[in-house]
Structures are given as C-alpha cells and as structure tokens.
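K.L.:
Following the hints, put chain Y in place on chain U, whose structure we already have.
Chain by chain, the residues run as shown.
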Amino acid sequence: MEVPAAWVRTSAEDGRLIVSVGGAWTVRQAAEIDRSLRDIAPDGARGAVFDLSQLTGFDTAGAWLLRRTLSDLQGRGIATEMRGLAQSYMPLLRVVETAEKETKEHPPLIPNYWVAMVERVGRATLEFGSEARALLAFYGMTIFAYLAVLRRPRALRMVSLVNQIEQSGLNAIPIVCLLSFLIGIVIAYVGADQLRRFGAEIFTVNLLGVIMMREIGVLLAAIMIAGRSGSAYTAQIGTMQVNEENDAMRTLGLDPMDVLVLPRINGLLISLPILAFLSDFAGLLGGAVMATGVLDVTFVQFVQQLKTVLTVDHFLVGMVKAPVFAFIIAIVGCYEGLRVSGSAESVGRMTTKSVVTSIFLVIIADAIFSIIFSAMGV
Amino acid sequence: MEEDDIVIRVRGLRTQFGAQVVHDGLDLDVYRGEVLGVVGGSGTGKSVLLRAIVGLVRPAAGRIELFGVDPASLSPSELPALRVRYGVLFQDGALFSSLTVVENIQVAMREYLDLPQQLMNQLAALKVAMVGLPADAGAKFPAELSGGMRKRAGLARALALDPEILFLDEPTAGLDPIGAAAFDQLIRDLQQSLGLTVFMVTHDLDSLAAICDRIAVLVDKRVKTGTMADHLRDDHPWIRAYFHGPRARVAIATNQASG
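Chains as they are written, first to last, in the numbering used here: chain U, 1 to 378; chain Y, 1001 to 1259.
These are computed hints drawn from the structure, not numbers from a lab.
Check each hint, because a few of them may be wrong.
Pairwise CB distance ranges, derived in the manner of DEER restraints [as the list claims (entries may be wrong)]:
#1 G1147(Y) / D255(U): 26 to 32 Å
#2 P153(U) / A1094(Y): 47 to 53 Å
#3 R250(U) / G1245(Y): 36 to 42 Å
#4 D1213(Y) / T352(U): 45 to 51 Å
#5 E1144(Y) / D193(U): 54 to 60 Å
#6 T1254(Y) / R133(U): 52 to 58 Å
#7 R133(U) / G1245(Y): 51 to 57 Å
#8 G1147(Y) / R133(U): 42 to 48 Å
#9 W7(U) / Q1192(Y): 38 to 44 Å
#10 K1224(Y) / E13(U): 58 to 64 Å
#11 A79(U) / Q1185(Y): 34 to 40 Å
#12 V121(U) / R1110(Y): 54 to 60 Å
#13 G122(U) / Y1031(Y): 45 to 51 Å
Small disclaimer: the values here were computed from a predicted structure and weren't measured.
All C-beta atoms in this analysis are idealised placements derived from N, C-alpha and C, irrespective of residue type, glycine included.
So here's chain U without its partners, still in its complex pose (with noise of 0.2 Å):
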C-alpha cells in the first residue's frame, strides 16, 4: 500500500513560532514525526501555533505525538494554540487527552535492572523454600489419606488402581525394556574396552551385572516413569483443575485425594518395582548379546560368570529403591498438577516443573541408599 509521507515544517513571525504540519499522521508515520517534533527549537519564541489544517490522516499515534509535543512546549512555559484541524478529527483528540492525562497521573513503574534481578534470585528462593514446605505437607496429606482409607477400604477404588497399572506400567514395558537392553550393550562395550587392557574382558560381566541390578535397572526405569507417567498425572490432574472438575468432584461429596491421587500412587508403587525387574533382565540380556557377539564369551559362560558375582543382596538391593521412587515420581505428579490454577499454560508449566522435580529427587533418593548401603556393608 502506497503510504502518504507526513511532514513538519517550521517558521517564526512576529515571535511566535509556526508548526506546519501535513500528511497523513498514522502509526506508520510515527517513527518519522517523532523525530521531527523532538527537533523543534522554540529559540525564545513567546507562543507556538501549530497549523494543522493540511493534514490527510490522523490517528490516535498521531493525535498523540501532538499532545505530547504541545504539553513539552507548555512545560516550558510556551503558550500554544491549534489552528485548522478538522471538526471530524476532534473527537479523536479528546480521546488522547483524557487517556494521555490518565497515564500522566500514574506513571507506569519501571524497575531497574539489578534491583529486579536480586528480586528474582530472591523470590526464587522463597517459592524454593514454600514449595519445600507444600511438598511436604503434600505428602503428610497422603499419609492421612492412607490412613483414612484403612478405616473404610471401600474408597481404594479398583477399577481406578487397574486402570492406572495398565497406563503406567503395563504400556511402559516395551519402551523400558528396549531402553535398558539397549543401555546394556554400551556397558558392556564400553567396559569390555577398557577391561581388555588388563586381560581382564571376563570382568565385564562382574561390572554389567551388578550396576544393573544395584543401580542403572531401577534408575532407568524410574526415570523414564518419570517423564511418562509422572508428566501425565500433572496434565491430566491439571486440566481438570483448569475445568474446575475437581471441585464439582468436592461438592459432588468425592474427595480428589482418594479418587485421583492414591490410585495413582497405588499403581505406580506396584507397577515400578515390576518395570524395575524387567529393565533388569533386559539389561543383562543387551549386555549377553554384546558379550557373545564381541568378546568370544558364549552365552553358557556369560551365565556362569555371572552366578559367580551375583546374589541376592545384589537384587535386593536395586529392588528397594523401586517402590520408594514410585512414590516420589507419583507424589510429586500429583501434587504439582492440583497447584495448577488459572490457565492452560499453567498446565505446561506445572508438567515441566513436575518432570524436573521428580527425576531431581529420585536422585537424591538413589544417593541417600548409595549411603546408607554402604554404612550396612551390603
């Protein structure tokens, strides 16, 4: 679109300063008039009048550059007037006047910026601290529900409990198997290299076999629970918080504790310790198939190798954690889906916070039983 230049001409008579102004005076033009008005000089001049009877376009940018050049010159003690503008433009200036003066009485608050960022650090630190403080009595919340939930056995819901065994656990299996299996072989691989160097290549099967009981079996598992199922209980509890089904669901007398959160809770907690076994064996088993295949180890001696380390011990010591990430991963799930509030985007959000929270803490948790297993020497 062809877009008609504005222009701004000055002159002076008999000590009064004459603004000329034409053009169309639209927000297209805005940048332009904006620096011409900002080089207007009055040089002493007593009054200022501002023709404004060629004008072709006028818009509310416009009508405000011209209220805003008009109350600098008044400010300066220069009387101004306005000459020539059209009677169909008036109604449009008064709207910027009464608007401008509303900004004029309250300034927007510009924070500055290292104040605003020590805010930040600051207020950072406090959401740290409540969600802390929130997380925690979350989980008291979930202790009462249990308890309640003795009392009255009827509110463990079954066909809920099944339902989320079936989309937490049993649709997880093939992800988490091809997961481990697939992180079995690089172990192997990885430490048939280096064990090579001291002849030692047998050794392999030592190492793969107990990080992948102890540690990378559950580990792999819960993590990948995490950003499968602990993602999906935010955004599913969330949107219903969005919806406000959660408090059609108090009013209607059921309580979201016992119809959403301790199924899941219950699910995760009998689901993950199985996924952990599974991942398990298809660690070993990616491991085997590396070992065969690389290192002139038949899978017979691969078997034997392994029974020579393994015991129980070893087993029981990965499988112990798993129901204790289970609760983490569903807990924290749960919880920062019913804080949603107000938006959808606050769903995105919240399944983020969720997803980062709940791996975070489940490795505090596997360092915590690193700890305390090596205290008790097993």
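P.N.:
Relative to chain U, chain Y alone:
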C-alpha cells in the same frame, strides 16, 4: 450508499466442514463507520462468518472483499498491508499468555513498523488508558487479569495499529450486566471517536439495541440485514421468536427509554 463506503463485501459465500454446510449463497455488505451486529441461533455459524472474513476459515465458494480487495488474490507480501487495516477481538481476549499486556499490544507494532522502543511504550500506555484499564495493568500477564480486563486488554491489542475495521466475537459474553453495559459504551465511544467500522458477533440483546446501527440475522444459511425496526416487522419464525421474545422486548424498551 456509495460504492467506496462498502468496506466488507461478501458475495455467494459458502462454507462447509465435511458434509456440513454452514453458509450457502450468503451476501453481506458492511458500510464504513457503522456498527453491525451479527446474531443467530447456536450453530448457525456467526463466528464462522467472522473467521471467514478475517481469513481464518477458507470458504468453499464465493468472494470476500475487504476495502474492495479479495485477500485470497493477494500475494503473501501484499497481505500485511491489508492485515493492519483490521483488528480482531476474540472471545476471551486471546492474549498471548507469555507476554504482558503492554507486550501484547506491541506485537503488531514490532512486526509491521519500525518504531523506537520508547515511543512504542508510550503508545501502548495510551492504548491501555483508552480502553479504560488502570495503568498498572500494562505490566501484568493475562493470567493475572479478570475476564473483563482481559477483554479490554484484547481490545487494546486489536486497536494497536489504529485499524479501520474492528471485529468483535461476543464482546460481552461472560461479563456481568454492569461490565457488559460499560463495555458496550466503550465500544461505541471508541467507534465514534476513532471512526471505526465495527463487525460484532453477539448474543447480547442489550448490545444489539444499544449500539448497533444495523443487525444481520443468520437464518437458513444466509443473512437478513436490516435495522432493529426492520427485523421487528419480519415474519420469519426464528426472527420473530428472537426479536419478540420477552428478553428482546425488555432490551428494546430499555433502550428506547434511555435514548
């Protein structure tokens, strides 16, 4: 009416989703400087009509002209020049949730114009004041605003580039009667002072009676356009039921009493 005064011209519009035909052979003219209210029963395609005119729904047949130009005939490089001549207010404001109100208003300015940041801030503050929002609302995010304030902020964004046509999708839906009346008044004031043409989809009989110059009624996949008085005389069953219902009578009586 002069030819030049028709800012929106729809001829033979046909829109359909799968086998479901929403509009068929729909003709509509909107004149410069008028407020046109669009009404119709649920599912008659009021919002679809709006979306077809602003180019969000592709018509199956027919021709839509804005300012005498068919947007479908324009190349991608020519479209922006047309886009800046109209603004749309969606039902719940449709503000970008990751941006503050001021940043929402500045989106189009940034995209289409090369203005200094200070001037953009000043213009955005002006728009915030023009739609009657308190100055501190500018720095807030949409989630921190009430429904009514979000609509006002959405209106400020629609007005960012001083468009000639303003499309409103149910502007008063979800507002309390006092808020709705205030919003009607705001639209009327802005329309008159900025010389806007307003295309308003609405359910609100009070808005229709208070601020619309003409009313387009969607019936039988087409529109019947006329003033309130024309529609009161119409004997189409739906139009009779709509304009002679108890709520309509109250709205019309109130409007006549007040002005």
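K.L.:
Please go over all the hints and tell whether each is borne out by the structure.
P.N.:
Hints, verified against the model:
1. G1147(Y) / D255(U): 26 to 32 Å: holds (29 Å)
2. P153(U) / A1094(Y): 47 to 53 Å: holds (48 Å)
3. R250(U) / G1245(Y): 36 to 42 Å: holds (37 Å)
4. D1213(Y) / T352(U): 45 to 51 Å: Since the Cβ atoms of D1213(Y) and T352(U) sit about 49 Å apart, the hinted range of 45 to 51 Å holds.
5. E1144(Y) / D193(U): 54 to 60 Å: holds (56 Å)
6. T1254(Y) / R133(U): 52 to 58 Å: This hint holds: roughly 54 Å between Cβ atoms.
7. R133(U) / G1245(Y): 51 to 57 Å: holds (56 Å)
8. G1147(Y) / R133(U): 42 to 48 Å: With Cβ atoms ~32 Å apart, the hint is violated.
9. W7(U) / Q1192(Y): 38 to 44 Å: violated (29 Å)
10. K1224(Y) / E13(U): 58 to 64 Å: Taking Cβ atoms as reference, K1224(Y) and E13(U) lie about 59 Å apart, which means the hint holds.
11. A79(U) / Q1185(Y): 34 to 40 Å: With a Cβ separation near 35 Å, A79(U) and Q1185(Y) satisfy 34 to 40 Å, so the hint holds.
12. V121(U) / R1110(Y): 54 to 60 Å: Hint violated: Cβ distance 29 Å, outside 54 to 60 Å.
13. G122(U) / Y1031(Y): 45 to 51 Å: violated (57 Å)
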